[in-house]
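Undergrad: These are the residues of each chain, in order.
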Amino acid sequence: MIQINDLHKRFGNTEVLSGITMHVRRGEVSVLLGPSGGGKSTLLRAINGLETFDRGQIQVGDVVLGPEPGPARDEALRNIRRRVGMVFQQFNLFPHRTALENVIEAPIHVLGKPRDEAIAQARSLLDRVGLAHKLDAMPGNLSGGQQQRVAIARALAMEPEAILFDEPTASLDPRMMAEVVSVITDLVGSGQTMIVVTHAMGFARRVAHSVHVMHAGRVAESGPPQQIFEDPREEVTRQFLTQAKEN
Amino acid sequence: MRATIRWRVVWWAIVAVTAVSGPARGDGLDDVKKRGTLRWGADQEGGGPFVYPRNDDPTKMQGFEVDIAELLAKRLCVKAEFTQGQWEKLPDLLDRGDIDIVLNGYEWTEQWASRYGTSIPYYVYELQFLARQDDSLLMTIEDLRGKPGERRRRIAVLGGSAAELYIEEHFGDAVEIVNFEGPTDAMRAVETANDGVDANLQDLCVVPFYESRFPGLKRLGEPVGLGYYVIFVRQGDTPLLHALNDAIVEALRDGSLRQILQRYKMWNMTQARRGLETNESGEFTGGGLVAISGAEEVTFVAERGWNVIRNRGPLLAKAALITIELSFCAMPLAVLIGLAVALGRLYGPRPLGRVLALYVEVIRGTPLVLQLYVIFFVLPEIGLNIHAFWAAILGLALNYSAYEAEIYRAGLQAIPRGQMEAALALGMSRGLALRRIIVPQATRIVIPPVTNDFIALFKDTAVCSVITVVELSKQYYSHARSTGAILELGLITALLYLAMSYPLSIFTSYMEKRLARERRT
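Just so you know, the protein sequences line up as chains A and B, in that order. Residue 91 in the working numbering sits at position 89 of the first sequence; the count goes up by one each step and never skips. Residue 1430 in the working numbering sits at position 175 of the second sequence; the count goes up by one each step and never skips.
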């Protein structure tokens, strides 16, 4: 469902993505692992256009996104963003709106959904992430874990075909992390396609269908979690896993 | 009479630029007759005996120029219509076509005569030195020069007036010139020895009017200098000029002008020497030195205490309404323009950003008074004639928009990038994201500084008096000067300004508290 072909991107003289090719099938949970600065987040953000790229292409369903700016790219981006949701490390909830308002914002103003329909949907989504009692809370009055769960509900409200998670638990303490992980695990169970950038190894291992280890702008190794974690073939992967264990 | 030299230089410069493209005017006299009114421009702030609010009905004007305007209008078989204007901008009002004549103590000079049609004088003015009664060292004009080694005497004059030129010409560096704005301010400074002021060279015609108010002053020597108060009409407006000249000569001949001048204690030998007065049979009777019997005299009447507050307070409150109207119309406009400019600079294409940056610099880097002047007096030259009130709102809004743009730019930049990214990731367009997500958050941030500017705007509306808008400050100055109740009316004016700004201050601190609560994470 998401096909990435030979993606290149440079920041000045540094090549941050040097020919990434990757395929994510419908219903698949793909986890991106690897040391910081390896290009994981950049790749994720390129998929829904928060980063540009210089060469290659990204295909989501039947929508093809190329590197050249212009109306065709904008149109493709709009299409992709409606199909692909995103959850950020810093949650990025809209602080001037309540939890419920955060969730109904895009369905009403982007999809043109009737307000009461959007509210009913938002209630059930917030219930699903365990926040039925926080509908009218302002983000500033919610804990980090609660904010991230609202952010997930907000992404789900667009009924995305895939969700991109950019280190969703990195800013959370262990207890709050557990809340968020359980919500994401629940989504995995429902067959949601997703790409997850994370440093949380246990979580990665539990939810991933496939793991891609990224290093220096390339995919160093790909495979099922079992193989990556227990029988890594690349030196880069081995080093990374050793370091991760030590931490 | 008044006007600072600095401004005159600027005026002449602007006038020189704009005069080239001056629009064609119709026949002034025809217009006056058709309309049935002679619109004459003057500044009520100048005070007695020229034009000042009446004691019995402060909404109406009195003064010898009011009487002359009425007399002239009557001779033209029309009604006189007073138009308020800032004194030094009266010629500009004439250019704009808002008035038919300027009649307000303007001296004849070659420079003015090259720009406007100047009537024969309705008054021959002289200058009079005034000093403190108890200053025994100042007995003659020559005493002003002082002796070697003594400190230089300080002489108060109206900035840019004939008096200032006289001192410069006749005393040079022997004395020190101190500029004042109003005649009574200068006289008060001498009486109280304020700022070491020793003497005042005053228009002679003003002196008798205020003599009772400043008993501590004495006349120093005989009147000096001599010049003409004339009426200005637009250049080429010959029929109107002839009609005015005829009316003035007629009024001199039949004694009606003398009657007016006598009322204000302004008739003197110098006027009599014009020797134009005749009796009904047309015979010259010897100069009109004899006072016309039974003529009541008008001089300065002080109004103080509760009385003045009761009589003039409502007028100040009414003027405060104008201030409020100006502010409440201008500020929302300024904020909207400012927001648009800030958005254009941050999110628009680069060339637009450059243009908007230039806009901010130009507007912020030039004085409000100049912007108002351009909008009101220069735009008509290219066919854009804007009503004074709307010109004031436009000027204030443009001026403040530059500041609000900078505040909004800071506010928009304070919103974390993740907000825009989250909105885009939800499929919003940039425009929708700005409208729904970014601008509402930035607005919360900018409310305190914008409100702060709003308070400043209330006070800046005072500048609008340069384009004939009479708001609270202008009203205060004219009534304070015409009654002498500087303190009482000053207190009322201050209270009115406070009553406007204090609620806004409360609002600001409320919003600040609310924001602090919202930001807690």
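Warning: the hint list may mix true and false statements.
To be verified - Quick look at which bits of chain B chain A covers, simulated, 3 or more residues with Cβ under 8 Å:
(1) 1309 to 1317
(2) 1664 to 1676
(3) 1679 to 1690
Stated by the list, open to error - Between beta-carbon pairs, the in silico distance windows are:
(4) Asn143(A) to Gly1608(B): 48 to 58 Å
(5) Arg12(A) to His1642(B): 33 to 43 Å
(6) Ala1711(B) to Ser38(A): 40 to 50 Å
(7) Leu1770(B) to Ser38(A): 31 to 41 Å
(8) Ser38(A) to Arg1690(B): 47 to 57 Å
(9) Lys1714(B) to Gly68(A): 15 to 25 Å
(10) Ser38(A) to Ile1761(B): 30 to 40 Å
(11) Pro116(A) to Ser1684(B): 35 to 45 Å
(12) Leu1607(B) to Arg75(A): 16 to 26 Å
(13) Leu1591(B) to Pro116(A): 41 to 51 Å
(14) Arg240(A) to Ser1684(B): 19 to 29 Å
(15) Gly1620(B) to Thr16(A): 26 to 36 Å
Claimed, not checked - Cut-off 25 Å, straight-line C-alpha distance, at most; resulting in silico cross-link-like pairs (SDA-like, lysine to any residue):
(16) Lys247(A) to Gly193(A)
(17) Lys115(A) to Arg1685(B)
(18) Lys1768(B) to Lys115(A)
(19) Lys1768(B) to Phe205(A)
(20) Lys1768(B) to Gly142(A)
To be clear, the hints were calculated from the coordinates, so they are not data collected in a lab. Ideal Cβ positions, reconstructed from N, Cα and C, are used throughout, including at glycine.
Undergrad: Next step is simple, just say for each hint if it's right about the structure.
TA: Here's how the hints hold up against the structure:
no., hint, result
1, 1309 to 1317, "violated (count 0)"
2, 1664 to 1676, "holds (count 4)"
3, 1679 to 1690, "holds (count 7)"
4, Asn143(A) to Gly1608(B): 48 to 58 Å, "38 Å, violated"
5, Arg12(A) to His1642(B): 33 to 43 Å, "59 Å, violated"
6, Ala1711(B) to Ser38(A): 40 to 50 Å, "49 Å, holds"
7, Leu1770(B) to Ser38(A): 31 to 41 Å, "35 Å, holds"
8, Ser38(A) to Arg1690(B): 47 to 57 Å, "36 Å, violated"
9, Lys1714(B) to Gly68(A): 15 to 25 Å, "57 Å, violated"
10, Ser38(A) to Ile1761(B): 30 to 40 Å, "50 Å, violated"
11, Pro116(A) to Ser1684(B): 35 to 45 Å, "21 Å, violated"
12, Leu1607(B) to Arg75(A): 16 to 26 Å, "22 Å, holds"
13, Leu1591(B) to Pro116(A): 41 to 51 Å, "31 Å, violated"
14, Arg240(A) to Ser1684(B): 19 to 29 Å, "46 Å, violated"
15, Gly1620(B) to Thr16(A): 26 to 36 Å, "41 Å, violated"
16, Lys247(A) to Gly193(A), "30 Å, violated"
17, Lys115(A) to Arg1685(B), "20 Å, holds"
18, Lys1768(B) to Lys115(A), "36 Å, violated"
19, Lys1768(B) to Phe205(A), "41 Å, violated"
20, Lys1768(B) to Gly142(A), "15 Å, holds"
Violated hints for the displayed structure, listed by number in ascending order: 1, 4, 5, 8, 9, 10, 11, 13, 14, 15, 16, 18, 19.
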